[in-house]
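Two chains, two frames, some hints: make the complex.
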Amino acid sequence: MSDSLALKVIEGDQRSIARLITLAEDNADEAIEAMKIIHPQTGNAHVVGITGVMGSGKSTLIYELTKAYRKQGKTVGIIAIDPTSPFSGGALLGDRIRMMELAMDEGVFIRSMGTRGMLGGLTSSVYDVVEILDASGKDIILVETVGVGQAEVDIIKISDTTIVLIVPGLGDSIQTLKAGVMEIADLYVINKADRSGVEQTIAEMQSLVDIECSNKKRKTPILLTVAKESKGIDEVLKEIDMHKIFLENSKELAQQRRLRYEAELIEIIRKRLMNFIFDEDQFKGTVDELLDKISKKKLDPHAASEIILDKILK
Amino acid sequence: MEQKIRILIAKPGLDGHDRGAKIVARALRDAGMEVIYTGLHQTPAMIVEAAIQEDVDVIGLSLLSGAHMTLFIDVVDMLREKGLEDIIIIAGGIVPEDDIPLLKKAGISGVFGPGTPVEVIVDFIQKNVKK
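Protein chains in written order, with the working numbering: chain A, 1 to 314; chain B, 1 to 131.
Okay, chain B solo, but in the shape it has when bound (with noise of 0.2 Å):
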């Protein structure tokens, strides 16, 4: 058996900034795991049906419009629906403070700021994943 590490990189929504996202994808794929990058503008369930046919492990986030708390608890409670609970949420971008705990509540497992160095991201993951 020699598994990998599958995670959905996705931007939901309207928004044209993805530097962010793809400088976390380069660092995972670097950390060994298979990095699917979804691009621009999908919708929450889009991003659920591609990480579904995907089989991933987790889904990392990002959004800078500030709609987060729509269009990320959009995304938890469609995986919910389906019963993808073991799919694990990341999340990153432009959130206040105060989102932060609400969305870990909704069931975002980690949320990773502007500055975040991203071994934290990757020994984050390599820590939740079941593997």
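Just chain A, same shape as in the assembly (with noise of 0.2 Å):
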């Protein structure tokens, strides 16, 4: 079932697509199946990370890129990715509702995921839903993060291309955005440029980019948008594109690519050991018991954590 599933994938039929994904996501056993011979079709599809606080614009921004990427007869898969209630696990996906314009059009596949309790601003099949709308013939992956703040910097794992996304009014927050997501910007798009102070913002990007980029090969454009009355954008694709030959010329794509399965692979191998420990019958048992004594203060977390991975490695 899942070689067939695999192979439609591959053909780009949409509800083999979005079943695939489902399994992936539910971490099913026939997903892990497709999945490999979904890998070797895979490597095509230039992917753009887009992340940015609530409220800047991520996904009109993802709206409008669409657009003209479809203009240039280019096809889009698009993930968006809104967080997960840590109380009750369930999510309201709301990002589709700037974008529901596109459903119609078969060149596009749009897809909303929960971060299902992955930190980061991401979710952690988000590299298999990457790698199966690849393979689905895709030329374009837009991955949209949650509404960051200044720490969540998964992004960069995952695409060739990161857009870290800025509106005007941020004022002094930007020099204290400095570590982190500040850092990761293959582009900055200062969006809603209509805005009043936003030539304090440019000012203040521009200082960043210069101190940020003084030994670096390539210096980080910054460049305005009004994404909602479509201004910028043409100039935001343009940018992509010459990121990506930079990538293809200075070697570097091949690098990041490889990063991207370096993260995979800990993510993966994180996720099944994770579950072994915390859902397989065996060690159900010891974990409670270990809780307890920590509870109890007759054993601390450190000592608990020897004892779990010492009966892992026997």
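No lab work stands behind these hints: they were computed from the structure.
Just so you know, not all the hints are guaranteed correct.
Just so you have them, the derived chain B footprint on chain A, three or more residues with Cβ under 8 Å [unchecked claim]: (1) 8-21; (2) 88-96; (3) 99-107.
Taking lysine-lysine pairs in the DSBU-like style, the calculated list, with each CA pair at most 35 Å apart, reads [unchecked claim]: (4) A/Lys71 / B/Lys130; (5) A/Lys8 / B/Lys127; (6) A/Lys228 / B/Lys82; (7) A/Lys74 / B/Lys4; (8) B/Lys82 / A/Lys74; (9) B/Lys4 / A/Lys228; (10) B/Lys22 / A/Lys228; (11) A/Lys271 / B/Lys22; (12) B/Lys104 / B/Lys4; (13) A/Lys231 / B/Lys130; (14) A/Lys271 / A/Lys8; (15) A/Lys36 / A/Lys314; (16) A/Lys314 / A/Lys271; (17) B/Lys127 / A/Lys284; (18) A/Lys284 / B/Lys130; (19) B/Lys127 / A/Lys271; (20) B/Lys4 / A/Lys271; (21) B/Lys4 / A/Lys67; (22) A/Lys36 / B/Lys82; (23) B/Lys4 / A/Lys293; (24) B/Lys82 / A/Lys67; (25) B/Lys4 / A/Lys8; (26) A/Lys271 / B/Lys130; (27) B/Lys105 / B/Lys4; (28) B/Lys4 / A/Lys311; (29) A/Lys36 / B/Lys4; (30) A/Lys251 / A/Lys67; (31) A/Lys293 / A/Lys74; (32) B/Lys130 / A/Lys8; (33) A/Lys284 / B/Lys4; (34) B/Lys82 / B/Lys104; (35) B/Lys22 / A/Lys67; (36) B/Lys130 / A/Lys36; (37) A/Lys8 / B/Lys82.
Short derived list, chain A residues pointing at chain B, Cβ under 7 Å [said to hold, decoys possible]: (38) Asp26; (39) Ile110; (40) Ser112.
Ideal Cβ placement from N, Cα and C applies to all residues, glycine included.
In structure tokens:
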């Protein structure tokens, strides 16, 4: 069953793509089988990650970029991630609202995902979903992170090009963002650039880039958009292309992809190991016992972790 | 395997009132489901296409304008055309009593009018989705 599903995904069948994404999200065994067949077919799509604070216009920018790519005849896959509630495990996925007009275009595939417990702005099956969309023949894959604060930087692990979206009026907070999110951009986009205070934001960003890129091969461009009015979109597209060429010429693309596989491998192992320790029956009793002891101060968490690791390594 | 119920909440047609749909969406989230909220003014074709891409188990339609007999049934028909009979469709909004049996006959599994406790909707979905 997984063979024919994988083949249909490679043919670009919408329902099969959707189905395999669900299986991957649910950690189903069929997904693992199908991913084996899919992997050799990947590597053609350019993956663009888009991150930024809540309300910075990530979904709207993605909508506009997609329209522009479609005009060039390129096909687009969109992964839009919103937070999963840590309490109920449910999620309200609302990024699609701004993209519904794309729904009827066969050259576009949009999938909304919850973070399902993962920190860092992504969700753990996002690597699989990128591979699925890539194998299905999409030329461009746009990944939208959750609205980020300062440290959700996992997007660089998956993107060939990372766009950090900024809006005017953050003021001094840009300074405080110097570490983390403000280090990861291949491209800065100041959205809502018709707002007052944009000059100050541009100046702050320029000085940031001057310091940040003083010893780098490439200076991170700063672009202005008003995504809601479709302004500045072509320039963003052009800079994404320029970055792609830069990656290819500097051999950094292969390095970047290798880093992605490394991150994915770590994530798969982490997930399997955690499931093994916390979900398998043989360990359930042990974990409960250890937690009791830690609560009663008879054991500390480090010592408890030693006990668990010893059991696994045996 | 860690399966989650996925549901698309949509408002077809020309109707600007989405309070009820949003309240239901939140309640379903709080019940542990993944709710894809698509917003106002959707055509049946857009709803069906979104449901395919999002691979949902349930579609929840809400309408207060009176066009439910046309628009709800259009969604059901389009799903059938595409061979997606396994998606459960539920509906809410202002639906006269007399129309409810007709909608159910057409393929809408549950109709939940104003005043329905959200627990009833949650319960209905959990019982009817085969996971």
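Hint check results:
For the segment 8-21 of chain A, the assignment as covered by chain B holds, since 6 residues bring a beta-carbon within under 8 Å of that chain's beta-carbons and 3 suffice. Coverage of the segment 88-96 of chain A by chain B holds in this model, with 8 residues showing a Cβ closer than 8 Å to a Cβ of that chain against a need of three. Requiring three or more residues with a Cβ within less than 8 Å of a Cβ of chain B, the coverage given for the segment 99-107 of chain A holds, as 3 such residues are present. As the CA atoms of A/Lys71 and B/Lys130 are separated by approximately 41 Å, the hinted pair breaks the 35 Å bound.
Simply put, A/Lys8 and B/Lys127 have alpha-carbon atoms about 31 Å apart, close enough for the 35 Å limit, and the pair holds. Proximity of A/Lys228 to B/Lys82 is assessed by CA-CA distance (about 34 Å); at most 35 Å being required, the pair is judged to hold. A distance of roughly 33 Å separates the Cα atoms of A/Lys74 and B/Lys4; the hinted pair therefore holds under the 35 Å criterion. Under the criterion of a C-alpha separation no larger than 35 Å, the hint pairing B/Lys82 with A/Lys74 is consistent with the structure, at around 26 Å.
Straight-line distance between C-alpha atoms of B/Lys4 and A/Lys228 comes to about 34 Å, which keeps the hinted pair within the 35 Å bound. With a CA separation close to 24 Å, the supplied pair B/Lys22 and A/Lys228 stays within the 35 Å bound. A threshold of 35 Å between alpha carbons decides the hint, and for A/Lys271 with B/Lys22 the separation of about 33 Å falls inside it, so the pair holds. A hinted pair counts as satisfied when its Cα atoms are at most 35 Å apart, and B/Lys104 with B/Lys4 qualifies at roughly 26 Å.
Note on A/Lys231 and B/Lys130: the hinted pairing is violated, with a Cα-Cα distance of about 46 Å set against a maximum of 35 Å. As the CA atoms of A/Lys271 and A/Lys8 are separated by approximately 27 Å, the hinted pair is consistent with the 35 Å bound. Under the criterion of a C-alpha separation no larger than 35 Å, the hint pairing A/Lys36 with A/Lys314 is consistent with the structure, at around 29 Å. Pair hint A/Lys314 plus A/Lys271 holds up; C-alpha atoms about 20 Å apart against a cutoff of 35 Å.
About 29 Å separates the Cα atoms of B/Lys127 and A/Lys284, which keeps this hinted pair within 35 Å; it holds. Taking the CA atoms of A/Lys284 and B/Lys130, the gap is near 27 Å; set against the 35 Å cutoff, the hint holds. Straight-line distance between C-alpha atoms of B/Lys127 and A/Lys271 comes to about 30 Å, which keeps the hinted pair within the 35 Å bound. Restraint check for B/Lys4 and A/Lys271: the C-alpha separation of about 17 Å stays at or below 35 Å, so the hint holds.
In summary, the hint linking B/Lys4 to A/Lys67 is supported, as the alpha carbons are separated by about 31 Å, within the 35 Å threshold. Distance check on the hinted pair: A/Lys36 and B/Lys82 sit about 29 Å apart at the alpha-carbon level, within 35 Å; holds. Between the alpha carbons of B/Lys4 and A/Lys293 the distance comes to roughly 33 Å, so the proposed pair stays at or under 35 Å and holds. For a cut-off of 35 Å, the pair hint linking B/Lys82 to A/Lys67 stands: about 26 Å separates their Cα positions.
Pair hint B/Lys4 plus A/Lys8 holds up; C-alpha atoms about 24 Å apart against a cutoff of 35 Å. Between A/Lys271 and B/Lys130 the alpha-carbon distance is near 26 Å, which keeps this suggested pair within the 35 Å criterion. Only pairs whose Cα atoms come within 35 Å are accepted, and B/Lys105 paired with B/Lys4 is accepted, the gap being roughly 28 Å. Taking the CA atoms of B/Lys4 and A/Lys311, the gap is near 31 Å; set against the 35 Å cutoff, the hint holds.
Taken as a hint, the A/Lys36 and B/Lys4 pair is honoured in the structure, with Cα atoms around 24 Å apart against an allowance of 35 Å. Taken as a hint, the A/Lys251 and A/Lys67 pair is honoured in the structure, with Cα atoms around 30 Å apart against an allowance of 35 Å. Taking the CA atoms of A/Lys293 and A/Lys74, the gap is near 58 Å; set against the 35 Å cutoff, the hint is violated. Taking the CA atoms of B/Lys130 and A/Lys8, the gap is near 24 Å; set against the 35 Å cutoff, the hint holds.
With a C-alpha separation of about 23 Å, the suggested pair A/Lys284 and B/Lys4 falls inside the 35 Å cut-off, and the hint holds. For the proposed pair B/Lys82 and B/Lys104, the alpha carbon gap of about 20 Å is at most 35 Å, so the pair holds. Proposed proximity of B/Lys22 and A/Lys67 is supported: the alpha carbons are some 28 Å apart, at most 35 Å. Taken as a hint, the B/Lys130 and A/Lys36 pair is honoured in the structure, with Cα atoms around 28 Å apart against an allowance of 35 Å.
Simply put, A/Lys8 and B/Lys82 have alpha-carbon atoms about 16 Å apart, close enough for the 35 Å limit, and the pair holds. Among the interface hints, the one on A/Asp26 holds; its C-beta lies about 5 Å from the nearest C-beta in chain B, closer than the 7 Å criterion. Hint status for A/Ile110 relative to chain B: holds, with the closest Cβ pair at about 6 Å, below 7 Å. Annotation: A/Ser112 was flagged as interfacial toward chain B, and the flag holds, the nearest CB pair being 5 Å apart, inside 7 Å.
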